[in-house]
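Count the sequence shown with this note's numbering and you get residues 1 to 289, in order.
In short, the hints are calculated from the structure, not lab data.
Glycine is no exception: its CB is placed at the ideal position from the N, C-alpha and C atoms.
Watch out, some of these pointers could steer you wrong.
Claimed, not checked - List of simulated lysine-lysine pairs, DSS-like, C-alpha gap at most 27 angstroms:
(1) K40 - K280
(2) K219 - K202
(3) K40 - K66
(4) K66 - K144
(5) K219 - K40
(6) K219 - K144
(7) K40 - K137
(8) K137 - K219
(9) K219 - K280
(10) K280 - K144
(11) K40 - K144
(12) K202 - K144
What the hints assert, rightly or not - Simulated restraints, written as ranges between beta carbons of each label pair:
(13) E53 - R171: 21 to 27 angstroms
(14) D132 - A187: 31 to 37 angstroms
(15) G207 - G239: 42 to 48 angstroms
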Amino acid sequence: MSLKLIRKFTLSALLVATPFASAMAQTFVFTAIPDEDETKLVERFRGVAEYLESRLDVDVRYIPVKSYAAAVSAFRNNQVQLAWFGGLSGVQARGLVPGSQALAQGVEDEAFVTYFIANTSTGLEPSDELTDDVRGKTFTFGSKGSTSGRLMPEFHIRETFGEAPEEVFSRVGFSGNHSRTIRLVEAGTYEVGALNFQVWEKELADGTIDTDAVQVIWKTPTYPDYQWTIRGDVDAQYGEGFTDRVRQALLELDDPALLESFPRSGFIPASNADYEPIRKVAEEIGILD
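Required output: the full structure, derived from the provided sequences and hints.
The following block contains the structure:
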């Protein structure tokens, strides 16, 4: 091949690659912890992507991840610039990326609770406290990185019984997400489980829970949970004031269908300081180094 032809091919490649690289650099990418079935999440966050794109004047793309840890890693590695985290995963992610901020939380996330549920065959009944009757039963958390499905239930188990979950229950497992916790306890695979109250309430409203097989037996005291967290370097990447524009767009999201898919009644301002209680609990029980 002649030198002239090589140069021609090289120039053509550069002309093609440069606009592509520019377009990729301008795309604002976000993810979310996989706390429910993937099909539900994809539908929800595609809608959020379309909304943000209309408000931010940049290409916006949602990418799903397979685990809570993968969401944190994607945020740390700048594969995503924004994420819908739980309380614990948000604390972990912000600790890895200097300057990152919690921007907004759901109205309901200011005072979140975990439900403990039990298969009705156990004979466990609803109570105002976590009773010794759960001792010796089989138990499932949600994801290992979940605030409502692991961190807070483990904290309350330890606080109530003065023992680790493995010492209280005959078998302890991790379902992977809140929807699966319901299914496993409903089927009797595990006798007791802990999950996000919002997922329970939404599935209950949708008629997808067999209430003859499973019921709520206890709810925890309130704590802060889910939030939108953004990397500390987005203004440098997308322009001065971009963080504020993202925050404003999230706070003004009022599409009833989108909010119902979370489910949330709206979004309110959040700050890193709001999640100090989560960080302290995680350190106390050894989940956060």
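Please list, smallest to largest, the hint numbers that this structure does not respect.
1, 7, 13 and 14
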